[in-house]
Amino acid sequence: MMRKFVFLLLCIGALPALAADKVKMFEITPFGGYRIGGDFEDDDTGVEYDIDDDKAYGLIFNMMAEANTQWEFGWSRSETSVDVPSVNGGPDKLDLDIDYFQGGGTYLWDGKRAQPFMVATIGAAHLNPDDSGDSETYFAFSIGGGWRIRPTERLGLRLEGRVYGTILDSDSDVFCKTGPDNNQCLIQSRSEVLWQWQMLAGATFRF
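In my numbering, the protein residues as written are 1 to 207.
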């Protein structure tokens, strides 16, 4: 009887250690950052219209696939503006929201508290000129890397740099406004890829 009791105590004492060793399968990372770069080249004039550098924010969800790999799904948004030709011929600003919806994979190198990683994704870029034209959705991809810092098993910090590429239709109209009265496009673009760079920091919750 005493042996059974001692064995039961040992099993109970081992439960916290077993719980601590349980692999955390999922991660959620809300983040804030800064996005730079990107321009549209007008096919008629050759003028480049730059997208303003601005803050970005979003959410990343990771799910473990194998020992050092994860599936990743993310959303990133920037509420910025872009130079466009105005009606009187001078420079003007157009409010522009750019959302990236991406899915792909992450590879993590070994590390106890700090792990370098790289990420590659594909998905869509949604460009929405506020109240000034029709929104457009294009195929987009991204590649990046950074560090995962894990002071505890459940909480961590994600530091990352990433480049986004958006495939535009060559010789396509952008920032168009359609309606019963008139159809107007601000830029006849000949750009093929819209490049943007993003730096971010986020708090990771693992469960």
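Rather than coming from a laboratory, the hints here were simulated on the basis of the structure. Even for Gly, the Cβ is constructed at its ideal location relative to N, Cα and C. There may be inaccurate statements among the hints.
[As the list claims (entries may be wrong)] Simulated pairs of lysine-lysine, DSBU-like, Cα-Cα distance not exceeding 35 Å:
hint, residue 1, residue 2
1, Lys-55, Lys-112
2, Lys-93, Lys-24
3, Lys-93, Lys-55
4, Lys-93, Lys-112
[Said to hold, decoys possible] What follows is a list of derived Cβ distance ranges for each label pair:
hint, residue 1, residue 2, range
5, Ile-167, Met-25, 40 to 50 Å
6, Asp-110, Asp-134, 18 to 28 Å
7, Phe-139, Trp-197, 32 to 42 Å
8, Tyr-34, Pro-151, 33 to 43 Å
9, Met-118, Gly-37, 12 to 22 Å
10, Trp-71, Cys-176, 20 to 30 Å
Status of the hints after comparison with the structure:
1. Lys-55 x Lys-112: Given pair Lys-55, Lys-112 holds - Cα atoms ~31 Å apart, limit 35 Å.
2. Lys-93 x Lys-24: Roughly 46 Å between the alpha carbons, so the hint for Lys-93 and Lys-24 is violated.
3. Lys-93 x Lys-55: 17 Å, holds
4. Lys-93 x Lys-112: This hinted pair is violated, its Cα atoms lying about 48 Å apart.
5. Ile-167 x Met-25: 40 to 50 Å: 33 Å, violated
6. Asp-110 x Asp-134: 18 to 28 Å: For Asp-110 and Asp-134 the Cβ distance comes to about 48 Å; the hint is violated.
7. Phe-139 x Trp-197: 32 to 42 Å: Since Phe-139 and Trp-197 have Cβ atoms about 19 Å apart, the given range 32 to 42 Å is violated.
8. Tyr-34 x Pro-151: 33 to 43 Å: Violated: the Cβ-Cβ distance is about 24 Å, outside 33 to 43 Å.
9. Met-118 x Gly-37: 12 to 22 Å: Holds: the Cβ-Cβ distance is about 20 Å, inside 12 to 22 Å.
10. Trp-71 x Cys-176: 20 to 30 Å: 36 Å, violated
Violated hints for the displayed structure, listed by number in ascending order: 2, 4, 5, 6, 7, 8 and 10.
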